[in-house]
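Chains as they are written, first to last, in the working numbering: chain U, 24 to 254; chain L, 6 to 290.
Just so you know, these hints were derived from the structure itself, not from any lab.
Here the structure is a predicted model, which means the values were calculated and not measured.
Just so it is clear, CB atoms sit at the ideal spot from N, CA and C, and this is done for glycine as well.
Watch out, some of these pointers could steer you wrong.
Calculated from the model, a selection of chain L residues having no Cβ within reach of chain U, i.e. all distances over 12 Å [to be verified]:
id, residue
1, 75
2, 91
3, 183
4, 207
5, 248
From the derived model, a few chain L residues whose C-beta atoms are all more than 10 Å from chain U [what the hints assert, rightly or not]:
id, residue
6, 41
7, 60
8, 118
9, 121
10, 213
Derived CB-CB ranges, DEER-like [unchecked claim]:
id, chain 1, residue 1, chain 2, residue 2, range
11, U, 138, L, 240, 18 to 26 Å
12, L, 189, U, 93, 47 to 55 Å
13, L, 290, U, 205, 29 to 37 Å
14, U, 192, L, 269, 33 to 41 Å
15, L, 18, U, 243, 46 to 54 Å
16, U, 90, L, 174, 51 to 59 Å
17, U, 49, L, 289, 35 to 43 Å
18, L, 19, U, 45, 39 to 47 Å
19, U, 190, L, 203, 17 to 25 Å
20, L, 289, U, 190, 22 to 30 Å
21, U, 99, L, 240, 43 to 51 Å
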Amino acid sequence: MIKFTGVTKEYLKTGAALKQVSFHIARGQFAFLTGHSGAGKTTALRLIYLAERPTAGEVRVSGFSTARAGPREIPRLRRRLGIVFQDFQLLEDRTAEENVAFALEVTGARHTTIRPRVMRVLTQVGLAGKANQYPRELSGGEQQRVAIARARVNDPVVLLADEPTGNLDERATRGIFQLLKDINASGTAVLMATHDLDLVRSMDAHLIELQQGEVVYDSAEDAAGRQPVAP
Amino acid sequence: MSLVLRETALAFRRAPLLSALSVTTIAFSLFVFGLFGLVAVNIQRAIGNVAERVEVVAYLKRGTPLQAVALAAADIEAFPEVESVQHVTEQEALARARRDLREFQDIFQDLETNPLPASLDVRLRPAFRDVQRAAAVAERLAALAIVDDVRYGREWVEKLDRLRNIAGAVGTVVGAAFALVAIIIIGTTIRMAVLHRSREIAIMRLVGATDGFIRRPFLLEGILKGLLGGVLAVGLSYGGYALIDAYLLRASFFTAAQATLGVAAGGFIGLVGSLVSVGRHLRST
Ligand SMILES: Nc1ncnc2c1ncn2[C@@H]1O[C@H](COP(=O)(O)OP(=O)(O)O)[C@@H](O)[C@H]1O
Ligand SMILES: [Mg+2]
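Please model the complete structure; the sequences and the hints are all you need to start from.
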């Protein structure tokens, strides 16, 4: 469902962030993308939601291809994805409920259907009681739950999470991680970029490790005898 | 649609200072343009008043029967250029001369016979008060059998024409310059409003908003700010006009149509400014 084929991404200033990267993430899978800071995790995710285009190679996502998709298709692709960031990316001047509703409104969803759907996902992330609070009135973990609710509300085929626990303490981290596993259990694929090896080891999931822009380990190809290089 | 309205209202509510700033900037830019417009309108009106005196006078042959004069007057009134025709008899001409030319009163007083001819005084419609049209009418009048001689103050009308042309050219150039400056200033304030919300735009894009969807509230916001600025500018111009009229010189204000046009121009500039600013922002990110 997400397929990288020989993907290279070069930035003008810093050179190659990804080199000949190939991997495949199947529908409904839980996958980790690990590697040190600067390994290319964020770049890989940005290629998936078409914030960047590969310099060479092709990225295919749920029927979209970087080789073919025009600018007009980018919004259509993103409505099928849920994206979560380390810094939450919430709008400060909107309540939790409004932040989640926002993602439905921009897709032109019927007004009457928005509120029930928003309240349903807020309940799923355990924030039904804080729907009317602003981000500054929520803890980091709670803000990330709002972001996850926003990512879920469009029923995405895959949830992309870029270091979703990077700004959180251990307790909040465990809560968010559990939430992502629950979402995966309900059928949504999850691709999580993280350098938190404790999380990675705690779960038997698809694991892809990047080092300086190259795939140095992919558990899906473990049969080939490659071993995780992670320290 | 209701969503666009809601987002637009939200934009005003969330950045009241910035919104007020852009409305004020638009208002003052348009106000400066409006002051220029007032000057232009008043000069134009002054020229118009002078032009009202453009008149073609056809002096009639002595002894022309009144009936012939009346027939000719009716014909002339049917000319497309002609507003009105007035028959001035010999006696009326003398009375007028006695009234208008006080210095020569004695001469006119002592006359035994009236030396002044009767005339048809022909006033032209406003759009035809220039040399070419006056000359054309004069030519046609001169061809009439009852007409002896035709006068229309050629030199004077030529000067008026030149004045009109200069005023028009200067007005167009200066007006265009003012309008351009207003558009640039207004465009810049709208660009600030867009930058202020660049984070929001980025998030909208992440959740799958189309560029058209992102653009709409900004366009509406631009139009509203422009209209509001336009209304303020008309108000300010009226204040300026009232002061000038009270303390400096008799002046006139815009007609209702001109004022409406000014407000509409504000809305239009707001729309174009937002279109350009948002478009550029969306393309650059
Ligand atoms: N927009 C950019 N312009 C230039 N270089 C970039 C940009 N984004 C990332 N890079 C470079 O690409 C490399 C990989 O970065 P990134 O994908 O953010 O790594 P990670 O998320 O694994 O920390 C880094 O060397 C970084 O400096
Ligand atoms: Mg990163």
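Hint-by-hint comparison with the structure:
1. 75: Answer for residue 75 of chain L: holds, closest chain U Cβ roughly 75 Å.
2. 91: holds, 70 Å
3. 183: holds, 37 Å
4. 207: Contrary to the label, residue 207 of chain L does not stay out of reach of chain U, its closest Cβ about 8 Å off (not over 12 Å).
5. 248: holds, 42 Å
6. 41: holds, 40 Å
7. 60: holds, 67 Å
8. 118: holds, 93 Å
9. 121: Non-interface label stands for residue 121 of chain L: nearest chain U Cβ at 83 Å, farther than 10 Å.
10. 213: violated, 4 Å
11. U:138 x L:240: 18 to 26 Å: violated, 42 Å
12. L:189 x U:93: 47 to 55 Å: Violated: the Cβ-Cβ distance is about 33 Å, outside 47 to 55 Å.
13. L:290 x U:205: 29 to 37 Å: Cβ of residue 290 of chain L to Cβ of residue 205 of chain U: about 34 Å, so the range 29 to 37 Å holds.
14. U:192 x L:269: 33 to 41 Å: About 57 Å separates the Cβ atoms of residue 192 of chain U and residue 269 of chain L, which means 33 to 41 Å is violated.
15. L:18 x U:243: 46 to 54 Å: holds, 51 Å
16. U:90 x L:174: 51 to 59 Å: Cβ of residue 90 of chain U to Cβ of residue 174 of chain L: about 58 Å, so the range 51 to 59 Å holds.
17. U:49 x L:289: 35 to 43 Å: holds, 37 Å
18. L:19 x U:45: 39 to 47 Å: holds, 45 Å
19. U:190 x L:203: 17 to 25 Å: holds, 22 Å
20. L:289 x U:190: 22 to 30 Å: holds, 28 Å
21. U:99 x L:240: 43 to 51 Å: holds, 47 Å
The structure fails hints 4, 10, 11, 12, 14 (numbered hints given earlier, in ascending order).
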